[in-house]
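Participant: Given these sequences and hints, build the entire structure.
Going by this note's numbering, the sequence shown opens with residue 1, and the numbers climb by one from there.
Derived from the structure by calculation, the hints contain no laboratory data.
Errors might be hidden in some of the hints.
As the list claims (entries may be wrong) - Calculated cross-link-like contacts (lysine to aspartate or glutamate; reagent style DMTMM-like; alpha-carbon spacing at most 25 Å): (1) Lys476 - Glu230; (2) Lys199 - Asp103; (3) Lys34 - Glu133.
Here the structure is a predicted model, which means the values were calculated and not measured.
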Amino acid sequence: MKIQVKLPDGSFREYEKGATIEQVAESISPSLKKQAVAGKIDGKVVDLNRPIEADASVEIVTLDSKEGLEVYRHSTAHLMAQAIKRLYGQKAVKLGIGPVIEDGFYYDIDIEKPLSVDDLSSIEQEMERIVRENVPIIRRAVSRDEAVQTFEALEDPLKLELIRDLPDEAVLSLYEQGEFVDLCRGPHLPSTGRIKAFKLLSVAGAYWRGDSNNKMLQRIYGTAFPKKAELDEHLHLLEEAKKRDHRKLGKELGLFMFSEEAPGMPFFLPKGMTIRTVLENFSREQQAANGYDEVRTPFMMNQRLWEESGHWDHYRENMYFTEVDETKFALKPMNCPGHMLIYKNELHSYRELPIRLCEFGQVHRHEFSGALNGMMRVRTFCQDDAHLFVRPDQIEEEIGSAIDLIGEMYKVFGFQYKIELSTRPEDSMGSAELWEQAETALRSVLERRGIAYSLNEGDGAFYGPKIDFHILDALKRSWQCGTIQLDFQMPEKFDLSYIGEDNQKHRPVVIHRAIYGSIDRFIGILTEHYSGAFPLWLSPVQVKLLPVSDVYNSYAVEVKKALANAGIRVEADLRSEKLGYKIREAQLEKVPYMLVLGENEQSSGTAAVRKRGEGDLGPMQVQELAERLRREIQAKQA
Numbered sequence: 001m002k003i004q005v006k007l008p009d010g011s012f013r014e015y016e017k018g019a020t021i022e023q024v025a026e027s028i029s030p031s032l033k034k035q036a037v038a039g040k041i042d043g044k045v046v047d048l049n050r051p052i053e054a055d056a057s058v059e060i061v062t063l064d065s066k067e068g069l070e071v072y073r074h075s076t077a078h079l080m081a082q083a084i085k086r087l088y089g090q091k092a093v094k095l096g097i098g099p100v101i102e103d104g105f106y107y108d109i110d111i112e113k114p115l116s117v118d119d120l121s122s123i124e125q126e127m128e129r130i131v132r133e134n135v136p137i138i139r140r141a142v143s144r145d146e147a148v149q150t151f152e153a154l155e156d157p158l159k160l161e162l163i164r165d166l167p168d169e170a171v172l173s174l175y176e177q178g179e180f181v182d183l184c185r186g187p188h189l190p191s192t193g194r195i196k197a198f199k200l201l202s203v204a205g206a207y208w209r210g211d212s213n214n215k216m217l218q219r220i221y222g223t224a225f226p227k228k229a230e231l232d233e234h235l236h237l238l239e240e241a242k243k244r245d246h247r248k249l250g251k252e253l254g255l256f257m258f259s260e261e262a263p264g265m266p267f268f269l270p271k272g273m274t275i276r277t278v279l280e281n282f283s284r285e286q287q288a289a290n291g292y293d294e295v296r297t298p299f300m301m302n303q304r305l306w307e308e309s310g311h312w313d314h315y316r317e318n319m320y321f322t323e324v325d326e327t328k329f330a331l332k333p334m335n336c337p338g339h340m341l342i343y344k345n346e347l348h349s350y351r352e353l354p355i356r357l358c359e360f361g362q363v364h365r366h367e368f369s370g371a372l373n374g375m376m377r378v379r380t381f382c383q384d385d386a387h388l389f390v391r392p393d394q395i396e397e398e399i400g401s402a403i404d405l406i407g408e409m410y411k412v413f414g415f416q417y418k419i420e421l422s423t424r425p426e427d428s429m430g431s432a433e434l435w436e437q438a439e440t441a442l443r444s445v446l447e448r449r450g451i452a453y454s455l456n457e458g459d460g461a462f463y464g465p466k467i468d469f470h471i472l473d474a475l476k477r478s479w480q481c482g483t484i485q486l487d488f489q490m491p492e493k494f495d496l497s498y499i500g501e502d503n504q505k506h507r508p509v510v511i512h513r514a515i516y517g518s519i520d521r522f523i524g525i526l527t528e529h530y531s532g533a534f535p536l537w538l539s540p541v542q543v544k545l546l547p548v549s550d551v552y553n554s555y556a557v558e559v560k561k562a563l564a565n566a567g568i569r570v571e572a573d574l575r576s577e578k579l580g581y582k583i584r585e586a587q588l589e590k591v592p593y594m595l596v597l598g599e600n601e602q603s604s605g606t607a608a609v610r611k612r613g614e615g616d617l618g619p620m621q622v623q624e625l626a627e628r629l630r631r632e633i634q635a636k637q638a
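Facilitator: Here it is in structure tokens:
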């Protein structure tokens, strides 16, 4: 019996019923068969040896695709699990789950022996042996009873729990490679010999199924790439990321600190506070030039407000509550409700709109202790929030202006970015019609302006769809920072209105907008992006004065005063140390400019200038140098 297969280019081919994905790939070209790792039947990713039983759309999945790399890495996770069972005993190792994650995979295992990084090399060696054996990886659909019997025989309660919790209609499948068997949806590579380059990275603790009431398992992280050169490049980036870790640099450079007295809540030290102030002032200048008015709202407001806004129903697990005068209050997790109250404080005419309110608002959100990560994931942070109250006919223009503002500001830091459109989540409020209207408006702005974007289904805010900006740092890591959200819901919740040209009440639309997102997190990102070597305009100390001996300390004080009067952040190292030592210290502090001051400099009113990354620039008159620095600071060169 023949079946019709539709290929991605729209063409049709005829095959015998039961032909496999691999046979389809081979019929197209021998090279495609060689590159193929899986396939898609009507959009569902399946193994290469999966037979096609009816007319279908078929796509060949290769290693250079996202799905292909996921199949490759998931197969490597199984390879690791097989190696661990070989080394430590089939029944001594209980397997949890082993999913693919960004840039790699992990497997949660239950084993009495505490594993360390030192054990990873022996596991890798066993994995390499299994690769050389080129063991076939075979899928087998099984009944629930057979699956239970299999894992009862292996005395593996974790797999039995997973089977028990699967819905009745679920199709159960086992993947076998030699003596190893695992419960898995798949798909996988055809054999272990297809795995070429991998590395096990670390061991950590993880509660079974993410529940702190469950047993703590050991989680082994790894990564895999089709080519060794790609793996080597990735490992190099990981090493570079360790050197750039903002927690390490923040401590070394005296930017911020954390304390057990306030878990997940950063303390800004003087130099870190300087960076934060410069960032805020830069944003203030840009927003003021674009017609924004700055406001400030209370940290804590009545629980009734959060019920009205919808946060109580959709966000209360992430909020902190307290009681004052027998009334329940909440620390604000977002600034929006406060801005709604400010708008509602006065009557507004259509002529006043758009009204653009911005705030550097400190917010508090509950994060589990295990999720805290330096400045990247905290429990309190400053959000550079803005809310634009607009007429419906102003939506596209205002969103377009917000896109331009965010883009211009990111350009100053040297960031490239990608844009993502996030649509209605499951836990949303409001009617489907209003959501459709909001999503259409955002799509229209992006498409009319010719902006490329990807779609992130179901990841919008609970009150509206959003455009997210994902910046790429120096290591090409992606960070979601800026956001523009279109909200028809909160104006309804707060009964906001303006008087239209017809003297009737009309409902405004609210555009939520952030540029840095979290200033705290943005500083963490910048610290890693610049590897602590901040550009001159952003550097907490812009110039370090290095007198060659105590004799020239008084001249250093004069130069310091002259530069400070020119608005330059300057420090003088007046310690009785050798010049070479002072230079090395200033280099470790990543100061942009060092000025060496000795007899020649004092007598001529100059300074011997050394610039970070360029070296010795020679002598310059102090006033001439001050003017040069002022121009460079004003230019905000990245």
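Participant: Are the hints correct? Go through all of them and say.
Facilitator: Cross-check of the supplied hints:
Taking the CA atoms of Lys476 and Glu230, the gap is near 14 Å; set against the 25 Å cutoff, the hint holds. Distance hint between Lys199 and Asp103 is fulfilled; the C-alpha atoms sit about 11 Å from each other, no more than 25 Å. Between Lys34 and Glu133 the CA atoms are separated by roughly 19 Å; this keeps the pair inside 25 Å, and the hint holds.
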